[in-house]
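Asks: Sequence:
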Amino acid sequence: MLRRWIAGAVIATLVLGFAAFLRFAEPAVAQGGPPGGQPGAPGSGGPPPGAPPGQGAPGQGMRPGGMMMAPDSFAAERDSIVKAQLAEIAGKEKMPAESVFKNIKVMDGLPAGRMLGAMNGWGRALGVRCKYCHVVDHWKDDDKQEKKTARMMVAMVDTLNEMFLSRIKHPDGGQAHAGCFTCHRGHAKP
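Quick note, my numbering runs 26 ahead of the 1-based positions in the sequence shown.
These are calculated hints, taken from the structure and not from any lab test.
Since we're looking at a predicted model, the values are computed, not measured.
Take the hints with a grain of salt, since some may be wrong.
Stated by the list, open to error - Simulated restraints on C-beta separations:
#1 Gly200 x Leu112: 30 to 36 Å
#2 Ser125 x His203: 38 to 44 Å
#3 Asp184 x Asp105: 21 to 27 Å
#4 Val161 x Gly200: 37 to 43 Å
#5 His196 x Val162: 20 to 26 Å
#6 Gly117 x Ala214: 32 to 38 Å
#7 Asp134 x Asp167: 29 to 35 Å
#8 Arg155 x Asn129: 15 to 21 Å
As the list claims (entries may be wrong) - No more than 30 Å apart at the CA atoms, straight line, and that leaves these computed lysine-lysine pairs for BS3-like:
#9 Lys195 x Lys166
#10 Lys120 x Lys109
#11 Lys128 x Lys215
#12 Lys170 x Lys131
#13 Lys118 x Lys131
#14 Lys128 x Lys195
#15 Lys118 x Lys174
#16 Lys170 x Lys195
#17 Lys157 x Lys195
#18 Lys215 x Lys131
#19 Lys166 x Lys120
#20 Lys118 x Lys195
#21 Lys131 x Lys109
#22 Lys215 x Lys166
#23 Lys195 x Lys109
#24 Lys109 x Lys173
#25 Lys170 x Lys128
#26 Lys118 x Lys170
#27 Lys109 x Lys166
#28 Lys170 x Lys109
#29 Lys170 x Lys120
#30 Lys131 x Lys120
#31 Lys173 x Lys118
#32 Lys170 x Lys157
#33 Lys120 x Lys173
#34 Lys131 x Lys173
#35 Lys157 x Lys174
#36 Lys118 x Lys157
#37 Lys128 x Lys109
#38 Lys120 x Lys157
#39 Lys215 x Lys157
#40 Lys215 x Lys109
Just so you know, even glycine gets a beta-carbon here, dropped at the ideal spot from N, CA and C.
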């Protein structure tokens with residue numbers, strides 16, 4: 027019973043936070059994209075060329091509260107690690123992640139190659155290196171609290187999408203969807 031109450035409280039907080047985010051960040055969501063790419067490039071979320079730091083165009087690359095989205099300075103490092111891991115599992119990319127990797131606790135059933143891509147996307151959304159959650163070369167270890175938190179966050183986003191956002195229909199036929207980037211926007215602490 028206590029677990030249900032806590033889950034309900036967490037979901038209610040998320041829904042209220044998401045609603046506030048949409049209210050204050052609608053232009054940023056419409057104009058900015060995930061961090062990465064060249065600063066000032068359309069959809070990069072960075073300031074326009076020549077703009078002072080923190081002075082992007084209104085709604086461009088801005089977080090709620092006026093903070094700029096962080097650039098993804100670890101993309102090349104993450105991409106290199108993912109490429110090396112893909113080479114290591116060559117021929118097994120389409121197998122379920124839990125049959126290829128050890129200690130998969132969320133997103134089981136996802137193909138192993140897509141799991142690596144998803145984790146790279148999570149790193150991009152938070153603007154962090156792989157070692158933020160993992161002990162490098164000991165990927166299966168659960169030594170870091172950040173990895174445990176990431177698992178809870180994946181479950182939280184899945185619940186938010188399935189229980190609440192799946193009920194929101196857009197006039198254009200699109201579907202509301204939240205992901206790591208919805209709140210984090212390139213920062214480890216949303």
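Asks: All hints, please: hold or fail.
Replies: Against the structure, the hints:
A hinted range of 30 to 36 Å holds for the C-beta pair glycine 200 and leucine 112, which are about 31 Å apart. At roughly 28 Å, the beta carbons of serine 125 and histidine 203 sit outside the given window of 38 to 44 Å. Distance hint check for aspartate 184 and aspartate 105: the Cβ-Cβ separation is about 25 Å, which falls inside the suggested range of 21 to 27 Å. At roughly 39 Å, the beta-carbon separation of valine 161 and glycine 200 lies within the given 37 to 43 Å, and the hint holds.
In this structure the hint that histidine 196 and valine 162 lie 20 to 26 Å apart at CB is violated, the actual value being about 41 Å. Hint check: glycine 117 to alanine 214, Cβ distance near 34 Å, so the stated range 32 to 38 Å holds. A hinted range of 29 to 35 Å for the beta carbons of aspartate 134 and aspartate 167 is inconsistent with their spacing of about 18 Å. For arginine 155 and asparagine 129, the hinted distance range of 15 to 21 Å is satisfied, since their beta carbons lie about 20 Å from each other.
A distance of roughly 39 Å separates the Cα atoms of lysine 195 and lysine 166; the hinted pair therefore is violated under the 30 Å criterion. Between the alpha carbons of lysine 120 and lysine 109 the distance comes to roughly 15 Å, so the proposed pair stays at or under 30 Å and holds. Distance check on the hinted pair: lysine 128 and lysine 215 sit about 28 Å apart at the alpha-carbon level, within 30 Å; holds. At roughly 15 Å between alpha-carbon atoms, lysine 170 and lysine 131 fall within 30 Å of each other, so this suggested pair holds.
For a cut-off of 30 Å, the pair hint linking lysine 118 to lysine 131 stands: about 19 Å separates their Cα positions. A C-alpha spacing of about 38 Å is found between lysine 128 and lysine 195, which places the hinted pair above 30 Å, so the restraint is violated. A hinted pair counts as satisfied when its Cα atoms are at most 30 Å apart, and lysine 118 with lysine 174 qualifies at roughly 26 Å. Using a Cα cut-off of 30 Å, the hinted pair lysine 170 and lysine 195 is violated, with the two alpha carbons roughly 38 Å apart.
Between lysine 157 and lysine 195 the alpha-carbon distance is near 38 Å, which puts this suggested pair outside the 30 Å criterion. Only pairs whose Cα atoms come within 30 Å are accepted, and lysine 215 paired with lysine 131 is accepted, the gap being roughly 23 Å. Simply put, lysine 166 and lysine 120 have alpha-carbon atoms about 19 Å apart, close enough for the 30 Å limit, and the pair holds. As the CA atoms of lysine 118 and lysine 195 are separated by approximately 37 Å, the hinted pair breaks the 30 Å bound.
Simply put, lysine 131 and lysine 109 have alpha-carbon atoms about 22 Å apart, close enough for the 30 Å limit, and the pair holds. At roughly 24 Å between alpha-carbon atoms, lysine 215 and lysine 166 fall within 30 Å of each other, so this suggested pair holds. Simply put, lysine 195 and lysine 109 have alpha-carbon atoms about 37 Å apart, too far for the 30 Å limit, and the pair is violated. Distance check on the hinted pair: lysine 109 and lysine 173 sit about 21 Å apart at the alpha-carbon level, within 30 Å; holds.
Simply put, lysine 170 and lysine 128 have alpha-carbon atoms about 16 Å apart, close enough for the 30 Å limit, and the pair holds. For the hint linking lysine 118 to lysine 170, the alpha-carbon distance of about 27 Å falls within 30 Å, and the restraint holds. For the hint linking lysine 109 to lysine 166, the alpha-carbon distance of about 18 Å falls within 30 Å, and the restraint holds. Among the hinted pairs, lysine 170 with lysine 109 is consistent with the structure: their alpha-carbon atoms are about 23 Å apart, no more than 30 Å.
Among the hinted pairs, lysine 170 with lysine 120 is consistent with the structure: their alpha-carbon atoms are about 28 Å apart, no more than 30 Å. This hinted pair checks out: lysine 131 and lysine 120 have alpha carbons roughly 18 Å apart, not beyond 30 Å. At most 30 Å may separate the alpha-carbon atoms for a hinted pair to count; lysine 173 and lysine 118 meet this at roughly 24 Å. Of the supplied pair hints, the one linking lysine 170 and lysine 157 holds, its CA atoms being roughly 9 Å apart against a limit of 30 Å.
Proximity of lysine 120 to lysine 173 is assessed by CA-CA distance (about 24 Å); at most 30 Å being required, the pair is judged to hold. Proximity of lysine 131 to lysine 173 is assessed by CA-CA distance (about 11 Å); at most 30 Å being required, the pair is judged to hold. Proximity of lysine 157 to lysine 174 is assessed by CA-CA distance (about 13 Å); at most 30 Å being required, the pair is judged to hold. Between lysine 118 and lysine 157 the CA atoms are separated by roughly 24 Å; this keeps the pair inside 30 Å, and the hint holds.
Taken as a hint, the lysine 128 and lysine 109 pair is honoured in the structure, with Cα atoms around 18 Å apart against an allowance of 30 Å. As the CA atoms of lysine 120 and lysine 157 are separated by approximately 25 Å, the hinted pair is consistent with the 30 Å bound. Distance hint between lysine 215 and lysine 157 is fulfilled; the C-alpha atoms sit about 16 Å from each other, no more than 30 Å. For a cut-off of 30 Å, the pair hint linking lysine 215 to lysine 109 stands: about 27 Å separates their Cα positions.
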